[in-house]
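Letter by letter, the sequence shown follows residues 10 to 433 of our numbering.
It is worth saying that the hints were derived from the structure and are not from the lab.
As the structure is a computational prediction, the values presented were derived from the model and not from experiment.
Any given hint might turn out to be false.
Straight-line C-alpha distance at most 25 Å; calculated DSS-like pairs for lysine-lysine [claimed, not checked]:
1) LYS405 / LYS318
2) LYS342 / LYS318
3) LYS127 / LYS280
FRET-style restraints, in silico, Cβ to Cβ [said to hold, decoys possible]:
4) HIS272 / PHE78: 32 to 42 Å
5) ILE61 / ASP368: 34 to 44 Å
6) ALA75 / GLY349: 42 to 52 Å
Backbone N, C-alpha and C fix where the C-beta goes; we use that ideal spot for every residue, glycine too.
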Amino acid sequence: MDQTLTVPWSNGQKFAFRFAFLFFGLTTIINWDIYTFFFFDAIHVKKFSLDIVFSWLVRPFSWLDAHLFHTGYDPKVHDGWPQDNHFATVFYLSLALVSAIAAIVWTLADKRRRDCNKLFFWFNVYLRYVLAITIIGYGLDKVIPVQMPWPTSADMLSNYGEQSRFLVLWRFMGMSPGYMILTGGLEVTAGLLLFNRRTLLVGYLLLMAILINVVALNWFYNIPVKMYSAQLLVYNLYLLAPYSNRLIQFFFFEKVVPARQSHYSFGPRWKRLTLAAALIFFPFLFCLFPAIANYDRYVKDISNKKGEKIYNVTSFVAGDTLPPLMTDTLRWKRLLMYGGRVVVCNMSDGQDRYTCDVDSVKGTYTFHANPDSTNRHLFHYSYPGKDQLQLAGEWKGKAIRVTMKLLPTDSIPLNREKIILIQN
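Using the sequences plus the hints, can you model the full thing?
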């Protein structure tokens with residue numbers, strides 16, 4: 010028998026575990042909300058939302074913040090979903106406070122209990138599966154490279170200094186799909202290792218390295234999932250903690266130590282089989298449907314990429330033909346079209362982005378900037394020559410006629426650069 014099962018727990022250990030049980034268990038509502046979104050999105054059904062849970066918390070959270078935390082949370086102004094915002098701050102603080110108070114009461118009311126071994130084991134199984142499904146979902150987003158898609162021509166031609174850190178990271182990853190697939194493959198591998206007791210320690214160690222990198226990227230590139238990624242890392246560290254002494258003995262003192270932990274199982278065979286089936290079926294389901302949704306997105310991204318067009322302005326008439334002066338704030342330099350969107354590039358490479366509606370019967374393009382319904386531009390289009398497009402309409406209060414020539418997408422150096430093993 011494992012000696013750890015015969016050692017009674019101290020009150021401090023009971024409190025620490027019960028706090029973790031309550032706090033981590035409650036915070037997994039975020040994971041389940043994300044799961045349901047991707048699940049119902051994959052089967053093209055209106056999302057069954059768990060967001061109502063967060064809406065219930067608005068009033069007590071607002072009261073706690075006003076009287077205790079003082080972070081400035083205002084439900085009338087701030088978003089009501091925990092994602093690097095005021096609500097997230099109050100969400101974690103409130104759950105930590107509630108969990109601490111409940112853990113104290115629980116420990117005082119159940120002082121005679123010798124240990125929490127069985128609850129500890131089953132909660133760790135639950136949290137391990139939550140973590141595994143979550144990380145596999147993020148990994149599939151990269152194995153099927155859709156999380157950070159290949160940058161559009163508009164992205165590549167935008168001024169670097171005007172981009173946010175978020176966009177710098179997203180476009181860097183999108184420009185290297187091989188690297189993204191590699192990192193996604195490692196995430197999927199780590200998640201799969203967590204499903205088996207014999208491999209879960211390797212999975213925890215691999216996932217710790219992955220999540221440290223993910224958290225660092227999110228924090229230092231200002232990605233708005235800093236708190237959530239840190240939450241996943243804390244889950245992983247908690248699950249790894251029972252192995253800490255063995256890992257120290259193995260890595261620093263070169264001692265041979267057993268890696269497997271004690272486990273519990275149901276007595277009747279039908280219960281064991283039912284549990285095994287559930288632990289296979291539901292994770293498979295939650296991984297399958299996001300994969301299907303990702304593949305659909307990937308096919309759409311490929312289609313949009315093939316339909317992308319770069320037009321270079323050869324003539325711009327607004328009363329008179331305007332020369333291509335860098336100081337001209339009216340004249341266009343380029344027009345970029347992709348996936349139902351257009352980008353008007355001015356002479357200083359600034360960009361105005363619009364959604365584009367095409368009416369092939371009337372021969373018109375309508376540029377509109379949602380949700381600003383007043384920012385709309387109607388142009389009649391024609392094709393005066395091979396690989397040419399002409400638009401006639403109104404722009405910034407003036408009637409214009411723009412003639413443009415189609416350029417190949419590989420006219421942008423980044424689109425045609427190949428990976429070369431042996432450099433000159």
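(request) List in ascending order the numbers of the hints, as given earlier, that are violated by the structure. (result) Checked against the structure, no hint fails, so every one of them is satisfied.
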